[in-house]
Amino acid sequence: KAGVTQTPRYLIKTRGQQVTLSCSPISGHRSVSWYQQTPGQGLQFLFEYFSETQRNKGNFPGRFSGRQFSNSRSEMNVSTLELGDSALYLCASSLGPINEQFFGPGTRLTVL
Amino acid sequence: QQQVKQSPQSLIVQKGGIPIINCAYENTAFDYFPWYQQFPGKGPALLIAIRPDVSEKKEGRFTISFNKSAKQFSLHIMDSQPGDSATYFCAASEGSGGSNYKLTFGKGTLLTVNP
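Listed in order, the protein sequences are those of chains A and B. Counting in the working numbering, the first sequence runs from 1 upward without gaps. Counting in the working numbering, the second sequence runs from 1 upward without gaps.
In short, the hints are calculated from the structure, not lab data. All clues given are correct.
Quick list of simulated restraints, FRET-style, between CB atoms:
1. A:Thr38 / B:Val54: 29 to 39 Å
2. A:Ser51 / B:Thr28: 21 to 31 Å
3. A:Gln41 / B:Arg51: 25 to 35 Å
Derived coverage of chain A by chain B (criterion: at least 3 residues anywhere in the stretch with Cβ under 8 Å from a Cβ of chain B; other residues may be distant):
4. 33-46
5. 100-112
Where is the CB? At the ideal position from N, CA and C, for every residue including glycine.
Extracted from the complex, chain A is given alone in its bound form (with noise of 0.2 Å):
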């Protein structure tokens, strides 16, 4: 069974420009999260999306959007990109809210 994957793998924007991501989930698994990964911070919960709906929140700016289609694949949007906003972001998926998670390979996103 093929894994989470992630796309783009890597991203160089400027500051002010705005960036979509792209997860396809588990084949089966309906149940998307979005992390954003850094040095100082960590992994931070940004949201979770389950049968096209958002579920769960975390506390990040309203820069950062997200949606889940019919076939639970998940786009993330950051738009208005500030530097700080560099950073791994992974997304994770599962069968249901409550199942285990299962993370991809992470988009590297660097804003110059």
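Once you've looked at the hints, dock chain B against the given chain A.
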């Protein structure tokens, strides 16, 4: 407020040693405690997880010990190998009710196992 405190930040052991990584939590509503292993350039991989109704769980060379009254849990790696060199994260969630499921992570422990 850091809800899951992990220690040590880094750890060096010799091959065959038993590294122990500790985590403490504050939120008594947490009811699921997984450990993740992350290699450079990869996403975290689930190693082992425990729920508070048991005090210990073993899977292969990995053991979780859980102390509910102290709000602490730890990971032991038996007969450690150089291939175990990675960053280890503890995490916790209060998801059994399905209404607030998200993982809160510790800051991570960089483990180095010398040959």
